[in-house]
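Q: Chain by chain, the residues:
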Amino acid sequence: MTQISRRSLLFNGGKALLAAGTLGAAGPLIAACGSDDDSTSGSVNLKYQYFAYVDAPDVPAVQQAMNDYLKKLGKSFTVTLQPTMDYDQKMTLNMSAGDVGDLFFTATWSNDFFKNAGSGNLLDITKLLPRHAPKLYASLPASIWAGAKVKGKLYGVINQQRFPKLWGYIARKDLADKYGLDPAAITTYADLEPFLAKVKSGEKGVIPWGTDAGTGGTAFYPELHGYDPVATAYGLAIRYDDPQRKIINVYETPEFKAAAQLLHRWRQLGYTTTDPLSGEDRATKQHSGGIALWPNQAPPTNPQLETFATVSKSLVPKPILNTDGCASTLTGVSADTKHAAEALEFLELLNTDKYLYNLLCFGIEGKDYVLDKATGVASLPTGVDPAKSPYNPNSDWQFGNQFNAYYRTKEDAASKRWEVESALNSSAVVSTALGFSLDTSPLRTQVSTVAATIKQYQQQISIGLVDPDKGIPEFLDKLSKSGMPTLLSKAQEQMDAFGASAK
Amino acid sequence: MATDIRPVRRATPARPDWPRLVAHVLLALCAVAFVAPLLLVLSASFSSEHAIDQHGYSFLPHGFTTFAYRYVIGDPTQIIQAYGISIFVTVVGTVASLLVMSMLAYTLARREYVLRAPLAFYVLFAMLFNGGLVPSYIFITQYLHLRNNLMVLILPYLVSPWFVLLLRTYFLSLPVDIMDAARVDGAGELRTFFQIVLPLSTPALATVGLLTALIYWNDWWLGLLYIDKSDLSPVQLLLYHIISNINFAASNSQTDNLASVPVQSVRMAIAVLAIGPIVAAFFFVQRYFVRGITIGGLKD
Amino acid sequence: MPAPTAVTEVAESPPPELVTPHRPKTVSRRQARLRSTLTLFLMGLPALVLLFVFSYVPMVGVVLAFKDYRPARGVFGSAWAGLENFKFLFSSGDAWHITFNTVFMNALIIAANLLVSLTLALLLNEVRDRSPRLAKVYQSAVFLPFVFSWVVVSYFVLAFLDADHGLVNHALTGVGMQPIDWYSRSGFWPLILTIVAVWKGVGFWVIAYLAAIIAINPEYYEAASMDGAGRWQQMRRITLPMLVPLIIINLLLSVSHIFHADFGLFFQVTRNSTLLYPTTDVIDTYVYRSLTSLGDVGMSAAAGLYQAFVGFVLVVLANWLVRRRDPQKALF
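Residue numbers (the UniProt record's numbering), protein chains in the order written: chain A, 1 to 503; chain B, 1 to 300; chain C, 1 to 332.
Hints are computed from structural coordinates only; laboratory data are not their basis.
Cβ coordinates follow ideal geometry from the N, Cα and C atoms, glycine included.
Wrong hints could be hidden among the right ones.
[As the list claims (entries may be wrong)] The list that follows gives simulated cross-link-like pairs (lysine-lysine, DSS-like), each with its CA atoms no further than 30 Å apart: (1) B/K229 <-> A/K490; (2) A/K481 <-> C/K87; (3) A/K416 <-> A/K373; (4) A/K135 <-> A/K354; (5) B/K229 <-> A/K204; (6) A/K127 <-> B/K229; (7) B/K229 <-> A/K410; (8) A/K455 <-> C/K87; (9) C/K136 <-> A/K90; (10) C/K87 <-> A/K151.
[Stated by the list, open to error] Some residues of chain A that are not near chain B, with every Cβ distance over 12 Å (derived): (11) K246; (12) E252; (13) N302.
Full structure from sequences and hints, please.
A: Spelled out as structure tokens, the structure:
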């Protein structure tokens, strides 16, 4: 211990000296500040900023391997990886500070895509994409690309994957077996109640249903009830098959209320913690088996995060292909970038070159993961805890075409999961609003105040912290004061225009 | 405090003095109540996770164990790094701050200085009106590009108008003759300042220095706004992250099943490690604080 | 530029006294004065520059409140938005709500601080001559929380109020009462935050008032003693009246800051729980949230300017009132 600390102190001392040097040379102080640019001299360096769950010490090594590979391909650019924890808040601040990477992850549910497009944070790549990334552009039909278009302009590169959202539950397999969780008997979240009750009485120290103060643990997802969330961050949706495309506020629906009442009851019955956990603590508990069952997409978008076996089932009656699903994870090009062409060339490679993509997803073979050549399954080297792995971003879905990824489990490989999901993308029912994207530029204030109100009220109601009979009316009242009526009517105008042009 | 509390009241005749007894009881209760939270956290850090799950936090640890500390020390990199940052920021910040503030305060205390009045107003006005968070944030990040730079934890607090005026008041109270004598001897302003004024001002400097050091050591605000690299996190920012995300501190685990990670007790152990030094220092330096509050003319 | 540059420059300029004695007297005096002025200016320069950079430049930045800010265009390149940002701030009802919380909570804290600090100072004064050691222990204990950061305080509060493990809920269930989910019930928090604020800050005021009591001329007490006044009467007739001017001035100064909440108290101690916003959302937390989680620079700046402006008016007003009572204590 003493040795370690001495070394670390020395290390810090060195850093301190360095910083003191900067202070002494006060003149160039400010110039010396943007010094975390480790661009290789001469060539173009692209900063790629994305969402991270955990610190990964091996990121520099992976970045080096990627750059070596890019060099081997004869590319004129290198890339700097910037995995960012606490992504939403950090990106909001970065956007205000005009300090974002050349490329960054954006989505309808995180680092708000519609807002970024409407506020001019994203580069219009309508013409650039076919020119600099032809294979990538050809990999998806125009109807899907429409999901990332706002006012006819393309603002993001879609990461191909399963597009319809299959909301359901995931449960610890051992507990599901022990307490007889019968998937056939479960068609709604409410059907889970007997199982949760058994876990509550039988398992000490295990939370039956996981909720958190961030976004996790709700029992309401619009797709479960045939709604297409056309602007999920502002609670706007239509019925997926509505030819009139009438926009509604999902928080006014009886389904939302029923789900809130369910959770309110479950909380009182002690099926979840009294205080909601923070998102991070919930994740920690979940990955360590401290939660028996939690709502999520099923099968999970990224398996293998858990060290234990799980069972899962989707409760969505009809998978829906909609804008929200297509634009569910995007890589955007910053409006301020000076290297748009290179950025798109990089995205072309990331989406079509399996080696490069899997390097980013899994790290360095033999070190961060091992690949079973026969089955094509990548797994952590034996004895490595997923939480302690030096490189395990576990978010293939945000880097590129997920169908290029190695499988993470034998089951997925055996069932040829990517082929099944690719087929699902073509077979899902198509929402009448597919291709509609809200243009937020004339609604900037409403958009931020409505989003703020939703952030403040929605989660606490959804996870049953407040009595829905009191909480929902208050929430709706606050929403209408925040400009929801304007937002609804303007969105309807845009939707009507979309409908007219779609005919 | 003994120095500050001189007995000035006449001794009262010796008889059963129940009002004084009541005063003692009240004060003792109060003192216990003020220290209690510290004891609660200390006790939690020595409790087993199981005990906390069963009995909650309590003033005496159920099942005394040092497991939480052993767990933290198993991989102390993060904490040692944070300590390094905090110590560096506090030391450099305090020394630099004292130097620049006292120099300015000295010039404002020199009656012959022609710019004295306008500059004093310049300092004062900075105290009365501020642009607020948003302009500062935009300026520091977009124009100074200080994000994720160690200097951003130091520079904004270097000059406190309030401390400058406090130092000036102190300098003004120094005997004028000494300084005049120095000047007659041909000493320049710099020499007068460093060789005469500063040595005479150790009480004020000690006080302002301690308060400044406390500000730097306790700061999480600048880190929250401008630092998003974990290796640049000062102790307080690390603590802030840990209260909602235990992963931040402890990615190592000695057990295979994370379920047994002692979340609550580890959290409290880290808190104790973070406040330990300040509590220890408190007993040595509190008289300076007290003096500072008294010197400060009782203005907040 | 920042501090050290100027320091080097100052150090490099030759000390004037080495030259002056050899020059004719009149010239040397003027020169010496010039040199002295220059030296003084350079000495003050680092701090003046820092103040300029970190206080004055942001003041110019308040124009953001009137802008439709886009980072790519910079502060001055962004289009003007007139009063749009203010309009939204005030029309959404948030402005009233956060103003009320800020003023109400500060008023509670000011009153509680005054009451507790005066009581403790008077009690300490009663025991300090007979038991100086104990008095010192009491005073240290009361002052201790002053050195903790708000982050640390939030751990302390969590240990008491955590719904599942907190001391308070275990005590409640221990006596057969229902546990309370503290971090979800906004109604309790004005009281909780007042207690926490007093706990952390009162030591400062106790010392301030005790110092003032000690400074009272002992002859008053001697005279009162001879007139047969008891301790209680001495406290009421001498100590308290002597403290009144100080109390009034401190109150005025506190009230002048009533528009500025202690961010750490309202952000860290509540763990930024959204359920508590009805009572704990103050101007400072609102500004912070608008910036960090909404990215609404314009509205956030508007709220900040509103606070700075009203705050400034209050300070000037309070200072004027203080000056009327006691010019010595006035800020300016």
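Q: Each of the hints needs a verdict: does it hold here or not?
A: Evaluation of the provided hints:
no., hint, result
1, B/K229 <-> A/K490, "violated, 41 Å"
2, A/K481 <-> C/K87, "holds, 13 Å"
3, A/K416 <-> A/K373, "holds, 15 Å"
4, A/K135 <-> A/K354, "holds, 13 Å"
5, B/K229 <-> A/K204, "violated, 38 Å"
6, A/K127 <-> B/K229, "violated, 36 Å"
7, B/K229 <-> A/K410, "violated, 36 Å"
8, A/K455 <-> C/K87, "holds, 22 Å"
9, C/K136 <-> A/K90, "violated, 47 Å"
10, C/K87 <-> A/K151, "holds, 28 Å"
11, K246, "holds, 39 Å"
12, E252, "holds, 32 Å"
13, N302, "holds, 18 Å"
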